[in-house]
Amino acid sequence: MVTMSDYAGSKPTWCPGCGNFDILSAVKTALVELNIEPHQVLMVSGIGQAGKLPHYTRCNILNVLHGRTLPAATGAKIANPELIVIAVAGDGDGYGEGGNHFIHAMRRNHDITYLVHDNQVYGLTKGQASPTSDAGFVTKTTPGGATTPLNPLALAIACDASFVSRGFAGDIEHLTNLIKMGITHKGFALIDVLQPCVTFNHKNTYSWYRERVYKLEGETNYNPSDRLAALAKAQEWGEQIPIGVIYRKQRATFEEQLPALNKGPLVKQKIEPKRIKGLLDEFL
Amino acid sequence: MAVDVNFMVGGEAGQGVQSVGFLLAKAFARGGYHVFADQDYESRIRGGHNFFRVRVKDSRVEAIAEAVDMLIALNRETIDLHQAELAQGGIILLDREKIKGIGGNGNFFSVPLERLAKEKAGNKLMANTTALGVALGLVEYDFEILEEVLREHFGTGEIGEGNIKAAKAGYEYARENVRGGLAYHLSPISDVGRMLLNGSEALALGAIAAGCKFMAGYPMTPSTPILEYMAAKAEELDLVVLQPEDEISAINMVIGAGYAGVRAMTATSGSGFCLMVEGLGLAGMTETPVVVVDGQRPGPAIGLPTRTEQGDLEFVLHAAHGEFPRAVLAPATVEDAFWLTIKAFNLAEKYQLPVIILTDHHLASSYNTVDGFDLSKVGVDRGLLFSPENVDELSGYKRHRITKSGISPRAFPGQKGVLVATDADEHDEAGHLIEDAEIRTQMMRKRLRKLLNLKKEIAAPQLYGPKKVEATLIGWGSTHGAIGEAVDILRNEGASVNWLHLTELWPFPAEAVAKALGSAQTSLVIENNATGQLAHLIRAETGKKISRQILKYDGRPFTPAYIVREVKKEAY
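Residue numbers (my numbering), protein chains in the order written: chain A, 4 to 287; chain B, -10 to 561.
No wet-lab data here; the hints were simulated from the structure. Warning: the hint list may mix true and false statements.
[Stated by the list, open to error] Capping the alpha-carbon separation at 30 Å, the derived lysine-lysine pairs in BS3-like fashion look like this:
id: 1; chain 1: B; residue 1: 366; chain 2: B; residue 2: 222
id: 2; chain 1: B; residue 1: 504; chain 2: B; residue 2: 339
id: 3; chain 1: B; residue 1: 222; chain 2: A; residue 2: 277
id: 4; chain 1: B; residue 1: 533; chain 2: B; residue 2: 444
id: 5; chain 1: A; residue 1: 189; chain 2: A; residue 2: 271
id: 6; chain 1: A; residue 1: 183; chain 2: A; residue 2: 252
id: 7; chain 1: B; residue 1: 339; chain 2: A; residue 2: 266
id: 8; chain 1: B; residue 1: 222; chain 2: A; residue 2: 271
id: 9; chain 1: B; residue 1: 339; chain 2: A; residue 2: 280
id: 10; chain 1: B; residue 1: 339; chain 2: A; residue 2: 277
id: 11; chain 1: A; residue 1: 218; chain 2: A; residue 2: 206
id: 12; chain 1: B; residue 1: 445; chain 2: B; residue 2: 533
id: 13; chain 1: A; residue 1: 273; chain 2: B; residue 2: 444
id: 14; chain 1: A; residue 1: 271; chain 2: A; residue 2: 183
id: 15; chain 1: B; residue 1: 366; chain 2: A; residue 2: 277
id: 16; chain 1: B; residue 1: 435; chain 2: A; residue 2: 14
id: 17; chain 1: A; residue 1: 266; chain 2: B; residue 2: 366
Start from the sequences, fold in the hints, and give me the full structure.
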């Protein structure tokens, strides 16, 4: 049996009260509840406060460049599909610097769980606007107020991501459940997590979110497989903010469609130079 | 008499210049000849002016020649542009029913190509194949070989048979109508054909032979054919080939695969490599083996997309911020592209670092005959690997363990009892990020220490000719064929020259180069760039100043004759 102590990592350096602690707790609990051993897990993270999360637990870790989490995770997943690959990024990392990778990883439907710590602000660089900052959000780089924010969930649905969800760091149990669903989902699973930044975001605070979030699980007539309904749901922001599974679709993963992987993970396949003999003959 | 015949096929994009040129080369290679063929084309899909040169010899050939023995003109522009290049006794093949009012010097041979193709094959679009038949008829080559090659190329169906009819019409027309004949005849010289392939294909074959199982690449001239070849063979050879959203993604995917334990590669041009630079640093920091192909083309920016240059040497040596070890290999020939690619994969894994293969448009797109590749000589060295049985229960596995050689045994994620951690930030032995000054210093030393043994793996550059000479010619990479032939011409004329050619450029073989240059009074670098980048490198690494530079940066490759002329411009 896997226990929480299996996932005990070093002490986080995040600010006291940071939403990242809740996310870390939810990730560990999800892995323990799914009885997944640390050596089966690969966490790939980028740069920003979210990118440090893997170091505060125990598993295989590939920490990469700002914004490049998904390509690195993709390469590792293709090399060894037996790994449970969890990519961890922040809103600046994943939606700004890594925006193009985000679009195409969803389109291709790699079997990766993508956890985005969305605090609507840059933390590590000390408080600048992020792609998801609310319009009008005043920071040192946006003294006139931030411009229209990116809607990651609507973008994900447009890219036909096969699992699109939103969690809230203030509701660990609900978030744990979403992460479990994301990990067990076959295909790309986006979990955008509303994460209060207690130091640099004084607008979108714990209480601001708490007053607004509501769970989709309680909506009896909401059908997450209805793409247009999901797109409408993804537009809700302001007085009411839905959390839970927004959109879900079963479709073949990228890895399932690779004939080379029928013979097992690439990393376990032998190197046999003489196999190219037939190719050489084609040039005669 | 030695055979050395130079064909040129010219026309606009869409007229089938490439297929006539390639099939001509293939037919001669099949008959035992040595062939070198290069392509000159514009960055467009239709129109413009393209040509394909095929040089046929009965001994080793690695370079193009300037004088054209047979000009196969599929349009008028070809004649206007290349008539002056015709050799003494050369012939221009054209269709006077389509190209009117041609006069001037030159030995013209007109064939109603379109009419013959329409009458005999029922398709005037096959006029280019008719021209191919004419060319081989004029030199009295064996039609059966051409027939075989056409069938392989176009298939056994209607299109294949149509092309054979079109070629035969041309071949017979030439045999019946040629008056006086040509000064040369080319008959097959052997039943054993040679392999004919281009640099991209040789490189891709080398990668597959070396066990590259993952290739991510964004299409860009001149490296696209590597991506396409590997994609075509993916199912048969159990490869994964992925065309990602951009070059940034490509190199980061390759890093992910390399970290997970799979040999992986990406290929691009210098312009795409610009986007990969940040990723190159990540590979350096995380000590992840990756192989990156930079097929150079003239820059900066988009430059001349379908032309050649050697302008990226200093760029790839220094690309990415910070200091970390890397290797740079620049294949000299098509054959070399195969073997150096295998070496690149071995060095990348043995030393856990990025290896750059520096080719260029000329090498990538030129076809050359090769005797074959002895696959029993392909060695695979995956370097120090960690076995989970040896894990120390107390300290656990440490991906970046500090060792005397600087090399830490590699484990792959997914093995029970082992956790593999690495970080783009500076990290400790276990791979966790740190800010400690002492650990930072130790880690920098550990990574750079890998250069000491890596340096011993770099083969000394080859020195051709006598040791004591008046002048040493120096080149690197794809200029090998042109310089080699120029050196032979100069030496036959009595010049006191030798030639040093570099293909393994980093870590720089400084001692060997210094020694080779020690006895010459004059040294001349010959480079396809504007600033003499190898000359800088030699100066920086050996302290030796190069006396002269022959530089070409018009996007076109060197010819042996060009080099001879330039060398002779000044006494040495």
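Straight-line alpha-carbon gap residue 339 of chain B to residue 266 of chain A, limit 30 Å = holds (26 Å)
Can the restraint linking residue 366 of chain B and residue 222 of chain B be considered satisfied, given a maximum Cα separation of 30 Å?
-> holds (22 Å)
Are the Cα atoms of residue 445 of chain B and residue 533 of chain B separated by 30 Å or less?
-> holds (22 Å)
Sort out whether residue 271 of chain A lies within 30 Å of residue 189 of chain A, counting only the CA atoms.
-> Given pair residue 189 of chain A, residue 271 of chain A holds - Cα atoms ~22 Å apart, limit 30 Å.
Proposed proximity, residue 280 of chain A with residue 339 of chain B (alpha carbon, max 30 Å) = holds (26 Å)
Starting from residue 435 of chain B, check that the Cα of residue 14 of chain A is at most 30 Å away, please.
-> holds (27 Å)
Are residue 273 of chain A and residue 444 of chain B close enough, with their CA atoms no more than 30 Å apart?
-> holds (29 Å)
Hint consistency between residue 218 of chain A and residue 206 of chain A [alpha-carbon to alpha-carbon, up to 30 Å] | Between residue 218 of chain A and residue 206 of chain A the Cα gap is close to 22 Å, so the pair holds against 30 Å.
Straight-line alpha-carbon gap residue 339 of chain B to residue 277 of chain A, limit 30 Å | holds (21 Å)
Could you grab the alpha-carbon distance between residue 222 of chain B and residue 277 of chain A and see if it respects the 30 Å cut-off?
-> holds (15 Å)
Below or equal to 30 Å on CA atoms is what counts here, so check residue 271 of chain A against residue 183 of chain A.
-> Roughly 28 Å separates the two Cα atoms, so the pair holds.
Straight-line alpha-carbon gap residue 266 of chain A to residue 366 of chain B, limit 30 Å = Given pair residue 266 of chain A, residue 366 of chain B holds - Cα atoms ~27 Å apart, limit 30 Å.
When each numbered hint is compared with the structure, no violation occurs for any of them.
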